[in-house]
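Chain by chain, the residues run as shown.
There are 2 protein chains.
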Amino acid sequence: MTGESARDKAGSAEPSAPGTRRPGGRTARTRAAVRDAVLAGLTEYGYPGLTVEYVAEHSGVHKTTLYRRWKDVEGLVADALDLAGEDSWTPPDTGSLEGDLRALAHEVVTSFTDPAVAASGSAMIAAAFQSERAAEALRAYYAERFTRCEAIVERAVARGELAAPLDAGALVRSVSAPLFFRLFITREPIDRTLADQAVAAALAAARAGVFADGDTVGATPDAAAS
Amino acid sequence: MTGESARDKAGSAEPSAPGTRRPGGRTARTRAAVRDAVLAGLTEYGYPGLTVEYVAEHSGVHKTTLYRRWKDVEGLVADALDLAGEDSWTPPDTGSLEGDLRALAHEVVTSFTDPAVAASGSAMIAAAFQSERAAEALRAYYAERFTRCEAIVERAVARGELAAPLDAGALVRSVSAPLFFRLFITREPIDRTLADQAVAAALAAARAGVFADGDTVGATPDAAAS
Numbered sequence: 001m002t003g004e005s006a007r008d009k010a011g012s013a014e015p016s017a018p019g020t021r022r023p024g025g026r027t028a029r030t031r032a033a034v035r036d037a038v039l040a041g042l043t044e045y046g047y048p049g050l051t052v053e054y055v056a057e058h059s060g061v062h063k064t065t066l067y068r069r070w071k072d073v074e075g076l077v078a079d080a081l082d083l084a085g086e087d088s089w090t091p092p093d094t095g096s097l098e099g100d101l102r103a104l105a106h107e108v109v110t111s112f113t114d115p116a117v118a119a120s121g122s123a124m125i126a127a128a129f130q131s132e133r134a135a136e137a138l139r140a141y142y143a144e145r146f147t148r149c150e151a152i153v154e155r156a157v158a159r160g161e162l163a164a165p166l167d168a169g170a171l172v173r174s175v176s177a178p179l180f181f182r183l184f185i186t187r188e189p190i191d192r193t194l195a196d197q198a199v200a201a202a203l204a205a206a207r208a209g210v211f212a213d214g215d216t217v218g219a220t221p222d223a224a225a226s
Numbered sequence: 001m002t003g004e005s006a007r008d009k010a011g012s013a014e015p016s017a018p019g020t021r022r023p024g025g026r027t028a029r030t031r032a033a034v035r036d037a038v039l040a041g042l043t044e045y046g047y048p049g050l051t052v053e054y055v056a057e058h059s060g061v062h063k064t065t066l067y068r069r070w071k072d073v074e075g076l077v078a079d080a081l082d083l084a085g086e087d088s089w090t091p092p093d094t095g096s097l098e099g100d101l102r103a104l105a106h107e108v109v110t111s112f113t114d115p116a117v118a119a120s121g122s123a124m125i126a127a128a129f130q131s132e133r134a135a136e137a138l139r140a141y142y143a144e145r146f147t148r149c150e151a152i153v154e155r156a157v158a159r160g161e162l163a164a165p166l167d168a169g170a171l172v173r174s175v176s177a178p179l180f181f182r183l184f185i186t187r188e189p190i191d192r193t194l195a196d197q198a199v200a201a202a203l204a205a206a207r208a209g210v211f212a213d214g215d216t217v218g219a220t221p222d223a224a225a226s
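From first to last, the protein sequence lines stand for chains A and B.
When we follow the UniProt record's numbering, the leftmost residue of the first sequence carries the number 1, and every step to the right adds one.
When we follow the UniProt record's numbering, the leftmost residue of the second sequence carries the number 1, and every step to the right adds one.
No wet-lab data here; the hints were simulated from the structure.
It is possible that part of the hints are untrue.
If several chains are the same, the list does not tell them apart, and a pair holds so long as it fits within one copy or across any two.
Claimed, not checked - Below are the SDA-like pairs computed for lysine to any residue, each with C-alpha atoms no more than 25 Å apart in a straight line:
(1) 63 - 26
(2) 71 - 45
(3) 71 - 48
(4) 71 - 49
(5) 71 - 187
(6) 71 - 57
Between the sequences and the hints, there should be enough to build the whole structure, so can you do that?
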């Protein structure tokens with residue numbers, strides 16, 4: 001839903017698009033084709049309008065197969081999100097904490113100001129309001145995404161830019177939060193200036209020790225217990 | 001959608017509930033009854049399942065009247081949000097910036113951990129994904145809400161806690177953002193500890209001058225131009 005993974009999802013007309021973790025095999029191709037059809041349907045009609053028939057028609061996969069493997073629309077949407085989480089995306093590595101966070105924030109802006117990518121990302125977030133299984137899949141997707149992003153904080157600690165232990169998950173989420181908040185809650189435009197402000201705020205908070213009571217990065221058992 | 005206004009919306013069985021700005025009059029009572037029915041319908045079925053028939057049945061207002069005054073489901077949802085924005089809610093005034101922001105953040109946590117309030121707030125946010133008019137109404141609702149919240153920053157500047165000029169809107173939004181981000185995007189639980197962390201981050205950023213380039217509070221024409 002951010003950067004390349006979302007772009008892969010929305011842009012790949014080919015079922016076996018580059019960047020798919022399991023590029024070979026008929027099963028992987030089928031799954032990717034179904035994922036593309038699900039995203040197209042969500043973008044066009046939203047969750048309430050998505051049907052197994054639509055997915056069959058747009059993926060070329062027989063309805064019987066869809067029902068057998070994915071069971072229903074909820075299963076189809078959840079698997080599209082699972083597949084999005086299986087890409088090879090890694091967080092930016094620019095050599096500095098500020099550079100990494102800035103690149104990360106700019107990726108969000110770039111993704112969500114590209115109508116095609118924004119539509120599929122937004123459709124997934126919307127589906128979570130209507131399906132508990134989609135919400136669960138979205139939760140898993142972002143949990144995994146932000147776990148990857150913790151590498152940014154680990155490198156910053158290793159470089160001596162931040163003192164450990166600290167709550168790396170909260171720090172990386174604090175960069176994205178003001179952007180998603182405006183996109184999907186207050187419905188305001190976002191841009192790079194706002195992204196930079198979010199980064200500056202996250203850095204100021206991190207340097208002031210706001211995320212210092214965490215236990216995710218650099219915590220020894222003793223430090224975590226204190 | 002935060003604190004008392006949401007509570008009024010969700011909790012008022014009486015059409016002329018206290019806190020409604022225009023308590024008297026048949027028109028105001030009708031509008032509030034319709035609003036309550038819209039929220040009940042959104043909570044029960046979501047935007048895709050809401051019908052004018054449902055609202056007629058649950059508000060006691062004739063379908064012909066609903067079509068004449070609100071035109072369609074989009075009009076009904078947009079007006080429910082407009083009405084939510086016409087309440088008498090004011091931001092907390094505890095005597096300190098930290099106290100005010102903390103009370104504000106705790107209001108979000110309290111609202112969205114109360115299932116009845118959370119359901120109607122969440123239904124409005126969800127509706128905005130499916131209706132451009134609902135999105136527009138949500139945008140207006142939050143714009144107005146956060147304009148009221150700027151009083152917190154104005155008082156802090158008057159007390160000398162913060163230096164003007166600064167972007168008051170960005171500062172108050174930065175307190176809510178991490179909470180709404182977890183509620184509706186990453187689908188993670190929120191609590192008072194997280195709220196306090198959001199406040200501490202916002203304060204650290206404000207004190208570090210992150211919101212200093214704004215032009216909303218305390219800006220003289222010269223300062224705003226610089």
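Structure-based check of all given hints:
With identical chains, the CA atoms of residue 63 and residue 26 are at most 25 Å apart within one copy only, with a shortest distance of 17 Å there and 54 Å across copies. Taking the closest pair of Cα atoms, residue 71 and residue 45 come within 25 Å of each other both inside a single copy (20 Å) and across two copies (22 Å). With identical chains, the CA atoms of residue 71 and residue 48 are at most 25 Å apart both within one copy (17 Å) and between copies (22 Å). Proximity of residue 71 and residue 49 under a CA criterion of 25 Å is satisfied in both settings, with 17 Å inside one chain copy and 23 Å between copies.
Proximity of residue 71 to residue 187 under the C-alpha cut-off of 25 Å is restricted to the inter-copy arrangement: shortest distance 24 Å between copies versus 34 Å within a copy. Within a single copy, residue 71 and residue 57 get their C-alpha atoms as close as 16 Å, which meets the 25 Å cut-off; across copies the closest is 35 Å, which misses it.
Violated hints are absent here; each numbered hint is respected by the structure.
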